[in-house]
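Visitor: Each chain is listed here by its residues.
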Amino acid sequence: MRIDWTILRYVSGPRVMRAAVVGFTLLLLFLPSLSRAVNLSGDSNTYVQSREDADKQKILSAYEYLNFSVQDPGKEVSFHFGGWLRYDLKTEEFGNKSNSDLQYGYLSYKSASNNAAVNLGRVMVFEGVAAERVDGMYARTDLAKGFGVSAFGGNPVETEINLPGNNIIYGGRLSHQIPGLYRIGVSALKEEKNSEDFRKEEGIDLWLRPINKVELMGNSKYNEITKDWANHSYFLVLGPFARVRFNTEASVINYKDYFTGATSSAFSFQPSVLDQDEKVRILGEQIAFGLTDNLNISLDYKGYSYSIAGDAKYYGGNIRYSVVKAGGAGLSLHKMDGDDDRLKYDEYRAYLFGKFGKADVTLDALDVKYKEAINGVKDAYSVSLAAAYELAEKLKIGADVEYSKNPDFEKDIRTFFKLIYSFDIGYGKRKEGV
Amino acid sequence: MKMKTVKIAFLLLLPVFAGMLFACAKTASMAAWHPVEVSYPPMCSDCHTDDRAAMNHTSDFSTRHKFYASQNERTCSVCHKEAFCSDCHAHVEELKPSDKYKDSPELTLPHRGDYLNQHKIDGRINPSSCFPCHGRQNNERCKVCHR
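In order, the protein sequence lines correspond to chains A and B.
Residue 1312 is where the first sequence starts when you use my numbering, and the numbers rise one by one after that.
Residue 117 is where the second sequence starts when you use my numbering, and the numbers rise one by one after that.
Away from chain A, derived, C-beta distances all over 10 Å, residues of chain B: (1) MET119; (2) THR121; (3) ILE124; (4) ALA125; (5) PRO151; (6) CYS160.
Short derived list, chain B residues pointing at chain A, Cβ under 7 Å: (7) SER145; (8) ASP166; (9) ASP167; (10) ALA199; (11) VAL208; (12) LYS218; (13) GLY229; (14) ASP230; (15) ARG252; (16) ASN255; (17) HIS262.
Calculated pairs, DSSO-like style, for lysine-lysine (alpha carbon to alpha carbon, straight line, at most 27 Å): (18) LYS1716(A) x LYS216(B); (19) LYS182(B) x LYS1456(A); (20) LYS1590(A) x LYS1511(A); (21) LYS1689(A) x LYS212(B); (22) LYS1655(A) x LYS1680(A); (23) LYS212(B) x LYS1401(A); (24) LYS182(B) x LYS1501(A); (25) LYS1646(A) x LYS182(B); (26) LYS259(B) x LYS1590(A); (27) LYS1707(A) x LYS1401(A); (28) LYS1421(A) x LYS1456(A); (29) LYS1408(A) x LYS212(B); (30) LYS1367(A) x LYS1722(A); (31) LYS1722(A) x LYS1646(A); (32) LYS1722(A) x LYS216(B); (33) LYS1613(A) x LYS236(B); (34) LYS197(B) x LYS212(B).
By construction, these hints were calculated from the structure, which means they are not laboratory data.
For every residue, glycine included, the Cβ atom is placed at its ideal position computed from N, Cα and C.
Sequences are here, hints too, so could you generate the full structure?
Guide: Pasting the structure below:
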């Protein structure tokens, strides 16, 4: 018998944030009547964005991003929610007057021992080959002798695909570790759409620290449908040696095996643009040097070597100065050097920020010079000025204005207003000794 | 018939076996929330000497945070709520992270400035950097051009 997880789809959708706001209000009303101690904490981020779209239509959109957790500090059960709602104050953006999304929402049980946890609802899963949102269940626990196991299953939460029939995703990961020395995992997932195989992936992940200041990490993913490796991605971190760190990256990506299971046609490559049989080797190096506790310089290089297309490289450096709770500045220069003029640009960025009592001010400028003009424009730039003020310990107000010129807009001015409120409220009385 | 009996026996014994392994683990769970306030930027090695010491949030940490998250997300969650992850790793999103946090210029936030045009170049050079976030999620706006 197969469980039809699609029933969980009804807990999401465009009305979910409105339902969440009602639920949140009810929570605030009823929590004080609980005899047990319950803690409600979270953030409310209210944004209003003003801009023009490509048809010179004025857009004024209000967004509410709400996240909260309800839990008894001494107990093991909690509830977590995150989502947003947009309402247009002037016209319709993206074809709808309003929009919303449930980012996550689940009931969680965490055991006091063995790092065991069970999450039920809309859960985010990061386990080996799986980086998913699932309407279903996620569970994990430590096992004996350094082993650990996790599993998940349910309805895949994806966009831009609407196939009839049963959609299901499930998978798991088995790991072993000696804390501080290594952690290795094997993982697998299977996703079916319309009761047919959509993804079948297996992977190995590794973190190894054989000696102090040497750290190797990475993963390899095998595509069971195309029967070949999708990618190998590994990072070697050395240092710090006299304030210098070296990060080396090596990756191999096979396009026909990596870009399967996409729900957007953007990844259905055409030979005239990108060949599906392409294979790229990426080799990168970053050298980071901390001149002082506040001043850092880094140089980075990434080389792309293709089996079909011409090679490319991206390189540059940046310098950062920052003093905690006071301010700082940064400057970065990078060059993208593809195999023809359409794939070349220079990127410059400079920023400056300062904190003055309860206020902070940020100035940020970004300039991209394209080698070949796009819509007749070679130089795209934007400058933003942001300011914020702490009205209270948990209440902050802020606004910014951005001016930009780019291939799509000769002159684009955008404003953004934000009100951020953090709450942490305890309800009920805790029994003595609990 | 024999195969079916083996399958049923396996399914019945699986939770017993898992329960035994769970009972034998005897590890203490990590704290649900970091017990002391952490200064910025978090330098985990100031206090920890095990694998957590490797999670120092140096300026280059963001380039490899995915490896830690895919292996050891529970350590991330001691300091970060899921909302911190979903600010960038979105299911459906209309605001760029760099628009929400213009007052945090030090953060490594994707798609600053005019990325609509720049993505035509970056996407050709390395489409695998787009895929984790836009392959199966947060791609409704891609269809405006990618039909």
